[in-house]
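Engineer: Take these sequences, add in the hints, and give me the full structure.
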Amino acid sequence: MRNSLVTMLALSALGCGSGEVPAAGDAGVTERISAGSAPAEETRGETLEARSSGGAFLARVTPLVDPIPMNEAFSVSLTLTDPETGTPFTDYDEVSIDARMPAHKHGMLRDVGLTPQDDGSMRADGLLLHMYGHWEFHVDIRKGARFERAQISVRLQY
Amino acid sequence: MSLQGVLGRLAPALLAAAAACGPAQEEAAPPVETAVPFSDEQVRRIMQMSPLPPLPPDATNRHADDPLAARLGQALFFDERLSADGSVSCATCHDPARGFTDGKQLALGQQVGNRHTPTLWNVAHHRWLTWDGRADSLWMQALDPIEDPREMGTTRGKLVRVIAGDPELRGSYEAVFGPMDVAALRDRPDDVRPARGREAATGPSAPEAVRAWGDLGDDQRAAIDRVFVHAGKAMAAYQRLLVRGDAPFDRFVEGLRENDAEKVKSLSPEAQRGLAMFIGKANCVLCHSGPNFSDGEFHNNALPTLHGGEARDPGRFDGAKVVAASPFNAAGPHSDQPDGPAALRVRQLRQSSEAWGEFRTPSLRNLGHRAPFMHQGQFEDIEAVIEFYSELEGATGRGHHQEQVLVPLRLTVGEKRDLGAFLAALEGEQADPGLLAAPSQSALGR
Chain A
1 MRNSLVTMLA
11 LSALGCGSGE
21 VPAAGDAGVT
31 ERISAGSAPA
41 EETRGETLEA
51 RSSGGAFLAR
61 VTPLVDPIPM
71 NEAFSVSLTL
81 TDPETGTPFT
91 DYDEVSIDAR
101 MPAHKHGMLR
111 DVGLTPQDDG
121 SMRADGLLLH
131 MYGHWEFHVD
141 IRKGARFERA
151 QISVRLQY
Chain B
1 MSLQGVLGRL
11 APALLAAAAA
21 CGPAQEEAAP
31 PVETAVPFSD
41 EQVRRIMQMS
51 PLPPLPPDAT
61 NRHADDPLAA
71 RLGQALFFDE
81 RLSADGSVSC
91 ATCHDPARGF
101 TDGKQLALGQ
111 QVGNRHTPTL
121 WNVAHHRWLT
131 WDGRADSLWM
141 QALDPIEDPR
151 EMGTTRGKLV
161 RVIAGDPELR
171 GSYEAVFGPM
181 DVAALRDRPD
191 DVRPARGREA
201 ATGPSAPEAV
211 RAWGDLGDDQ
221 RAAIDRVFVH
231 AGKAMAAYQR
241 LLVRGDAPFD
251 RFVEGLREND
261 AEKVKSLSPE
271 AQRGLAMFIG
281 KANCVLCHSG
291 PNFSDGEFHN
301 NALPTLHGGE
311 ARDPGRFDGA
321 KVVAASPFNA
331 AGPHSDQPDG
341 PAALRVRQLR
351 QSSEAWGEFR
361 TPSLRNLGHR
371 APFMHQGQFE
381 DIEAVIEFYS
391 ELEGATGRGH
401 HQEQVLVPLR
411 LTVGEKRDLG
421 AFLAALEGEQ
431 ADPGLLAAPS
441 QSALGR
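Those sequence lines, one after another, are chains A and B.
Just so you know, we're using the numbering used here here: the first sequence kicks off at 1 and counts up by one.
Just so you know, we're using the numbering used here here: the second sequence kicks off at 1 and counts up by one.
None of these hints come from the bench; they were simulated from the model.
A portion of the hints provided could be inaccurate.
[Unchecked claim] Partner residues aside, some chain B positions facing chain A, computed with beta carbon under 10 Å:
1. Arg44
2. Leu286
3. Leu344
4. Glu358
Quick caveat, the model's predicted, so the values are computed rather than measured.
Each residue gets a CB set at the ideal place from its N, CA and C atoms; glycine is no exception.
Structural biologist: Okay, here's the thing in structure tokens:
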């Protein structure tokens, strides 16, 4: 669809555990044309992936709608795997997903829960990107006192 | 404009021509001229700002689109008996003649409030209600002012008594919601309500109406709450009718879509330049996005305060807590869809300090008669609003929770005038006059 572009930049993870200063990593860039109007139902978007700050896991986020709609709730599928073996990564106490807008220093202000699925993935409902611009999905895990984040950038354009 | 943009703009016209005249018999007309040479991206942005779509459904209120409920709600909206001293109705602050505001900086009901009265035009297009989003539906929003001592200052017990005791209102009510539970509603004091905020619910310091509420049986409290909620749902049905679209800007966008030069002229050259500013240099569209010119979310734009100095109003920080805790939210027992998308939205709400001092982005449609502007009515007219964003003079709390992208726009005199002309072109068609006053008794529709 031609009315808008959603440019998705899958960035590598930024350090966020143990008081580290985040550092930008390399980027695998995918660009595609999509619309900001009503999304097509049951159409999965492109899977975006990023390795976590400590390298413990690889996060894959797949929007369950294509394109991601502007200012409308949508869902994503999340899988975590061991980057070396490709096996499911489960060595954590908690996992969460969030979306933030760095230029504005604000985010969704929603705690979207993750629901385990039969295929080993997790599903989050109710994400909402209410402004055009650069957003970042944050996939965080906590294991004891250790935190680790995988960060994936999404640009929501007209 | 690129070839792709021209083809995109002309596609509907080409299709129409093909349907009317047969294949490839006529050459396509050149794209209609605009006063401003809008780029492809600008055209894409403009197309997303019009038309105003149909109202989003409200599944938490099964009576949301019931005309009989709307008529009852309209009657209640204008009924001054629903206030402590019988002098204030919803329409006192939401005056139809003033764009459903009151022309005052701070609302004046039974007492002076702490915020400016927001308009009700197109209010059903918002997902959160009021400046701080303390309600997640129109019907939930309609309930709180009835018992707020600064607004109507009465009690749900008295409201029920008014409806039950007025044959027309009661008949209209029962036609929509079914028979009242008369047995549970009688033999009680008029003024009963639960404690609000930090009020004591029991003991000598509790207000008399609150103590009386505590003395009621569970069935009585439930029966009163049912009527109270139904009144809110009826008023919501009425407020859903307060929609005004079809502004000169909408006709301009139609003209772009249909390649109709006459419709494009609906937006003056001055306003077209203002539109280019709105989506360009001024970037107002960042928050005032979509066809209702609001992202429906909350921002802290460092506005000057009425009292001077730093802001003290927590805004969304409080509003989020209130809506999440209320039994009247979309996930609560009075919702007609407590497991739907609206319920999920309120259940997911995060309590975060970053929401401190944030207020909901107001719609920019139908600004006429709505001055002053902002949550404290800080700016006396739209020119003052534009001037603020041009220079940020008097901005508060920079570097704290405020929007980080807020910078002085440094607009020229002409640019400010153009922007004002564009905003004036968002004034929609006139509403049905029958919606702007209390309905006649015969119009209650039984």
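Engineer: So, for every hint listed, does it hold in this structure?
Structural biologist: Checked hints:
1. Arg44: Result: holds, 5 Å to nearest chain A Cβ.
2. Leu286: With Cβ-Cβ at 6 Å, under 10 Å, it holds.
3. Leu344: Given a least distance of 5 Å, the restraint on Leu344(B) holds.
4. Glu358: At about 8 Å, which falls below the 10 Å cut-off, the nearest Cβ of chain A leaves the hint on Glu358(B) intact, so it holds.
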